[in-house]
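So the sequences go chain by chain: A and B.
Residue numbers for the first sequence follow my numbering, beginning at 1 and rising by one.
Residue numbers for the second sequence follow my numbering, beginning at 1 and rising by one.
Everything labelled a hint here was simulated from the structure, so no lab data went into it.
Hints may be right or wrong, so weigh each one.
Just a few of them, taken from the derived set where beta-carbon distance is under 7 Å, the chain B residues facing chain A [stated by the list, open to error]: (1) K61; (2) G63; (3) L339; (4) Q376.
Please read all numbers here as calculations on a predicted model, not as lab measurements.
Note that CB positions come from ideal geometry on N, CA and C, so glycine has one too.
Chain residues, written in single-letter form:
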Amino acid sequence: MSLDADEVARIAHLAGLAIDEADIPEYTTNLSNILELVEQMSSVDTAGIEPMAHPLELPQRLREDKVTETDQRELFQKCAPKVERGLYLVPQVIE
Amino acid sequence: MHDKNVAELSAGLKNGDFSSEELTRVYLNRIESLDKDLNSFISVTAEQALAAARIADQQYKSGTAGPLTGIPIAQKDIFCIQGVRTSCGSKMLANFIAPYDATVVTRLNEAGMVMLGKTNMDEFAMGSSNENSFYGAVKNPWDLLAVPGGSSGGSASAVAAQLAPVATGTDTGGSIRQPASLCGITGLKPTYGRVSRYGMIAFASSLDQGGPMARSAEDAAMLLNAMAGFDHHDSTSVDREVPDYTGNLDQSIEGLRIGIPAEFFAEGLDDGVASVIQAALQEYEKMGASLVDISLPNSGLSIPTYYVVAMAECSSNLSRFDGVRFGHRCEDPVDLEDLYKRSRGEGFGAEVKRRIMIGTYALSAGYYDAYYLKAQQLRHLISDDYKKAFEQVDVIMGPTAPSVAFDIGEKSDDPVSMYLSDIYTIAVNLAGLPGMSIPAGFVDNRPVGLQIIGNYFDESRLLNIAHQFQCETNWHKQVPPGYE
């Protein structure tokens, strides 16, 4: 499986990553090589095999539906790059 | 003092031979004078360490000290520590001061341990050489031209150079065992779910597991005692009794059945490493164990399977870094998309970006079945190989890594060749099993690790088997020249 530059740019877009134009050829080569390695998976027929999502195959634990967390907004917002009056700031989204 | 093991340090503190403050200063001085070459620490928390040491000394005076009280430790910089920068080896988190403690940190604090600082690592634990750190490559104390392995390379290098008696690590595909092997120390990746992942920055959630890195199995057992246990903050934490891991260390291993997988000794294994491992296996035979040939037929598929699972999970986990709530934010974004893309593009290094992109691709519409679902199915087959093997044998042994530490720069331009260095460790994470690496010898003055893989929750047995080897051999007592 080999990717071209347009596909790499599309994947970077899906991944929410800005990639320098100049770096695209290197990513194209590296990502194609990784996909080539991954292609080995197709050598095995896995029809009917249950996918394994959890190494111990345990179900997720449930807990009582009650509030256990306290409000720590101020503490958590201390590590935010831009906040004002308790709100996270982002560029304007709605005109 | 720095050449003593944890039990000796603990006894020395208890008897009043030295104080925790004195002991802590010894290590802080060693870090100060020796870490310039190694770069094994990202942050040194000297003031906090001395304050914690004084509290520990009080606890010895008041008779409330436990076996780990006052013992210094280095924390991998992947564990959140309240009020301390937690960078995860990334520019993305260069200014991130964690607002809470990871459960592992809480537990080690409760045990009275003294944190010296935070160790260097591959960015977001993605790498096998520690060259992917924003804070610079870590050097191997056995040879400053060599990598220490990764991703817990800082912890491995620091423990090997005796800059800390013990350290924490995390292992997603070998990140405790491979650096332990390359630096000549003892490292244990516990069973998935044994050690809480809460506050341990996530790379691949179904594979990540924290564990101890130490100079001996006994030290690792003492540390695991404090690290392991159920945590309701981690939804995959297993609610199961934690045994005293030091309790079985002295048990005889007479009659132990050791599985030797043919696939671990096939093409790709360095001849020198193979001879060291064979010699270690003979040592076990002398101790009364028997070697049983086994096969793990799907081993060859573990690398592609692992990388699809790990990259898919990483692309999802790392989507939280958006330049809004924490972490790096780009200057003057023109719109929301620009904010996301440039913050992430600037904050992540090349390997992290590659993995996010492959993961995104593997999860994207039209490719999910061919990649992620397929990998999860293969994961089942790989895991079943181990289940079958453990019907025949008690543990599995082989090399931890196919070669000794490689040179810095040797593989950094070729991600695929780097991935192949994880060939013997990653299936253990896919299956969720516990695994260890212990020092077994040297090739060209660089250490070789023996890997011991156990059945689920068999950490006690692994530590016993490792300790028995360390009673008969001196490989774990070797110290790199210049760091005695």
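A quick look at each hint next to the structure:
no.	hint	in the structure
1	K61	34 Å, violated
2	G63	34 Å, violated
3	L339	6 Å, holds
4	Q376	3 Å, holds
Hint compliance for this structure: hints 1, 2 are not met, and every other hint is.
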